[in-house]
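K.L.:
Listed here are the chains, written in short residue letters.
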Amino acid sequence: GAVVSQHPSWVICKSGTSVKIECRSLDFQATTMFWYRQFPKQSLMLMATSNEGSKATYEQGVEKDKFLINHASLTLSTLTVTSAHPEDSSFYICSAPTRGDTQYFGPGTRLTVL
Amino acid sequence: QQPVQSPQAVILREGEDAVINCSSSKALYSVHWYRQKHGEAPVFLMILLKGGEQKGHEKISASFNEKKQQSSLYLTASQLSYSGTYFCGTTVPGNTPLVFGKGTRLSVIA
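Residue numbers (the working numbering), protein chains in the order written: chain A, 662 to 775; chain B, 154 to 263.
Since the hints were made in silico from the structure, they are not lab data.
This one's a predicted model, so the numbers in the text were calculated from it and none came from an experiment.
Watch out, some of these pointers could steer you wrong.
[Unchecked claim] Now the stretches of chain A that chain B is said to cover, found in silico as 3 or more residues with beta-carbon under 8 angstroms: (1) 688-696; (2) 756-765.
[Claimed, not checked] Just some of the chain B residues that point at chain A, by a computed CB distance under 8 angstroms: (3) S183; (4) H185; (5) A194; (6) P195; (7) I200; (8) N248; (9) P250; (10) F253; (11) G254; (12) K255.
[Unchecked claim] Sample of chain A residues with no beta-carbon within 12 angstroms of chain B, all distances over it, derived: (13) V680; (14) K716; (15) K727; (16) F728.
Think of the CB as a built atom: it goes at the ideal place given N, C-alpha and C, for glycine as much as any other residue.
All chains should be modelled from the sequences, with the hints used to inform the complete structure.
P.N.:
Following this line, the structure appears as structure tokens:
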């Protein structure tokens, strides 16, 4: 199947700092990528849709000024958590759809804010 | 609209079978099945697009009913490696995100 990578795998930061997470499609181009967040023992919740060359679309309740998304190329989307707080600690996962409608997920980034 | 998964959790002994259901009150465009192990991202299992479709191999397979409102995942002769949380996800046509069910936690014990 298609390969999606994420970096970093995990990050620990102090409250108030910003963290950038990268999502790359390694063997296909993705004009659209999706960012999900997953809290312990819960399902994946969509945060936003990242669109190459245009603004991201955010789900209701997700602060666009706090979670900055940039889709700079057909293979890279970044999510920046600005002024992170402990309640932002979570598992962040990106996915990218292929032509056959299948969506492949990156390995995820575990963020811990102290 | 979030699909409804059942059961929420199931415990099996090695070699036993299980069925996980995913349903919606409206016809779905597609159903995607994923398995997630603790601390890892979901891994794609299969996608069903057509009403009446059945897909998979001998041990793990899935079906999509004619009305495209229910899908079932069949795990046969379960192995320890089948343990994890299974999610169904649904989409509408186009590059749209998945809407996931709440998941079914499957534990296979020796």
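K.L.:
Starting from the hint list further up, note which numbers the structure goes against and sort them upward.
P.N.:
none
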